[in-house]
Amino acid sequence: MTVAVVQFGGSNCDRDAVRALTYLGVDAERVWHEDGLPEETTGIMLPGGFSYGDYLRAGAMAAQSPIMDEVRSKAENGTPVLGVCNGAQIGCESKLTDGAFTTNKSARFQCEHVYLRVERADTPWTNAYDVGDVIEIPIAHGEGRFEITEKRYDQLEANNQVLFRYCDKDGNSTDDANPNGSTGNVAGILGTSETVAVLMPHPERATLPDIGGTDGEGILHGFAE
Amino acid sequence: MVAQYLSMTAYTATVTVRLKHGVLDPEAETTKRSLERLGFELSALRSADKFEIDLDADDASAAEAEATEMTERLLANPTIHDYEISVAETEA
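Note that the protein sequences, when read in sequence, are chains A and B.
In terms of this note's numbering, the first sequence opens at residue 1 and continues consecutively.
In terms of this note's numbering, the second sequence opens at residue 1 and continues consecutively.
In short, the hints are calculated from the structure, not lab data.
Heads up, the beta-carbon is just placed ideally off N, CA and C, and yes, glycines get one too.
There could be a bad hint or two in this list.
[To be verified] With a Cα cut of at most 27 Å, we get these calculated BS3-like pairs of lysine-lysine:
1) LYS95/A <-> LYS105/A
2) LYS151/A <-> LYS20/B
3) LYS169/A <-> LYS32/B
4) LYS20/B <-> LYS32/B
5) LYS105/A <-> LYS151/A
6) LYS151/A <-> LYS95/A
7) LYS169/A <-> LYS50/B
8) LYS50/B <-> LYS32/B
9) LYS169/A <-> LYS105/A
10) LYS95/A <-> LYS74/A
11) LYS95/A <-> LYS20/B
12) LYS20/B <-> LYS50/B
13) LYS105/A <-> LYS50/B
14) LYS95/A <-> LYS50/B
[Said to hold, decoys possible] Label pairs and their computed distance ranges (CB to CB):
15) GLU72/B <-> THR22/A: 27 to 33 Å
16) GLU29/B <-> ASP168/A: 35 to 41 Å
17) ALA88/B <-> GLU39/A: 28 to 34 Å
18) GLU72/B <-> GLN110/A: 40 to 46 Å
[To be verified] Covered, in the sense of this in silico footprint (three residues per stretch, anywhere, with C-beta under 8 Å from a C-beta of chain B), are these stretches of chain A:
19) 52–63
20) 104–110
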């Protein structure tokens, strides 16, 4: 399993992602987006950062990079794809997943630890957890408010595509526990298949024991399957 | 062929992109509060992005079609945005 961590101009969590994956025993390498995906790619991670300075909308420019056509076609063929933070914004902008991530309700950049409730435990990203588990993972974003039309939100719910919701430490998805005003407290969702997921919190920052908690390692284990 | 090239006209397409009705706009809310702090009275404030695109096209409807495709593919995100496009011949 070689995970391609796709680096765009302005990505800045690519090294952290490779380090966390390597720690978990997953073979991972950084791939510059203009170079295209290596043939041996068996997993794809879109890392966090500020690709193209968040011009126009976070993720909008990177979503137009030709490598995203390759990512979409790999995703359709079952290759696991995970978008984190800016990678989640790129995932929505490139239609890997539904919805959009836009300006936080606070209108501020927020860097803090949050609690997430696991909504699905039968995906590669959440096999390590049980439904209802509460995990603590950091967020660091200014545009993380999940927005979607009511009709399409209902479809997401009906298709069971919500992967994580912001919650308090007891697992209650309250307004107070919603850091950015996301619709339905949504922190992460699945694409049309369970092997494609995006989330705003950073699992790679909650994997190495030396830098804090390890609640996020289960998510990255999705690449080890 | 020469005649065809000569028939192209310079247009300016003005694209206005705004959040769909009902989608929260925290930056506009913050701006409104700042105006109120300055002593102004206002009941609402909405923000929008405006793009002016100079392009050559056979006629106004072709220019509008091109600008519409640009907007759908990049300038707006249809999940959260509505947009308006107006086309006029570019002033020399």
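Honestly, which of those hints from before does the structure not fit?
-> 3, 7, 15, 16, 17 and 18
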